[in-house]
Amino acid sequence: MFEMELPWWEFVARAALIYAVLLAMIRVSGKRTVGQFTPFDLLVVMLLSETVSEALSGGDHSVSGGLIGAATLIALNLAVAVTTARSQRLMRIVEGEAVLVGKDGQFYEAVLKRHHISMSDANQTLREADCELKDMRCAILEADGQISILKRSSHEPE
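Converting from the sequence shown to my numbering requires adding 1211 to each position, the first position being numbered 1.
Worth flagging that the hints you see were computed from the coordinates, not collected in a lab.
Ideal Cβ placement from N, Cα and C applies to all residues, glycine included.
Result set (DMTMM-like, lysine to aspartate or glutamate): computed pairs, CA atoms no more than 20 Å apart in a straight line: (1) Lys1314 with Glu1339; (2) Lys1314 with Glu1343; (3) Lys1362 with Asp1315; (4) Lys1362 with Asp1346; (5) Lys1324 with Glu1353; (6) Lys1345 with Glu1320; (7) Lys1314 with Asp1341; (8) Lys1362 with Glu1343; (9) Lys1314 with Asp1346; (10) Lys1345 with Asp1332; (11) Lys1324 with Asp1355; (12) Lys1324 with Glu1308; (13) Lys1362 with Asp1332; (14) Lys1362 with Asp1341; (15) Lys1362 with Glu1339; (16) Lys1314 with Glu1353; (17) Lys1345 with Asp1315; (18) Lys1314 with Asp1332.
Each pair of labels, with its calculated beta carbon distance range: (19) Arg1348 with Leu1228: 38 to 48 Å; (20) Val1255 with Glu1353: 17 to 27 Å; (21) Met1330 with Met1236: 25 to 35 Å; (22) Ile1285 with Gln1317: 43 to 53 Å; (23) Ala1227 with Lys1345: 48 to 58 Å; (24) Ala1340 with Ile1304: 25 to 35 Å; (25) Asp1332 with Ser1273: 42 to 52 Å; (26) Ala1227 with Val1274: 12 to 22 Å; (27) Ala1286 with Leu1311: 30 to 40 Å.
Please put together the full structure from these sequences, using the hints given.
Right under this line is the structure:
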């Protein structure tokens, strides 16, 4: 149960490699992949987990190997969190930057398409912000995938 078939360092190397590759793949897939999980996104995450599980363990089914892999993933996640908190440049690379997706009562359709946001998602965000399209000063796709709506103030001209 505790005897490993692989050397300990191989679990660390496998976990680090898979973590880095999956982080890059998720980052490339766009902000909305992370920000709002649809049932399809959840399915992809579950299948990703299943797909890489054998690569993480290298066929080893020991408790020790599993704990080494889990500890490595948690340590890597903590290291990325600490590093991105200290480096704006790395934070932009890992997390991305906010993007203006609409202004003055108009959504930018090309920008929405580029970031995989449907018009119905954009309109839903307006409803959630209790804002009519004509009252929207700007809409921002945040780095975490959420859309922020800034309303015009009551004394601001249309």
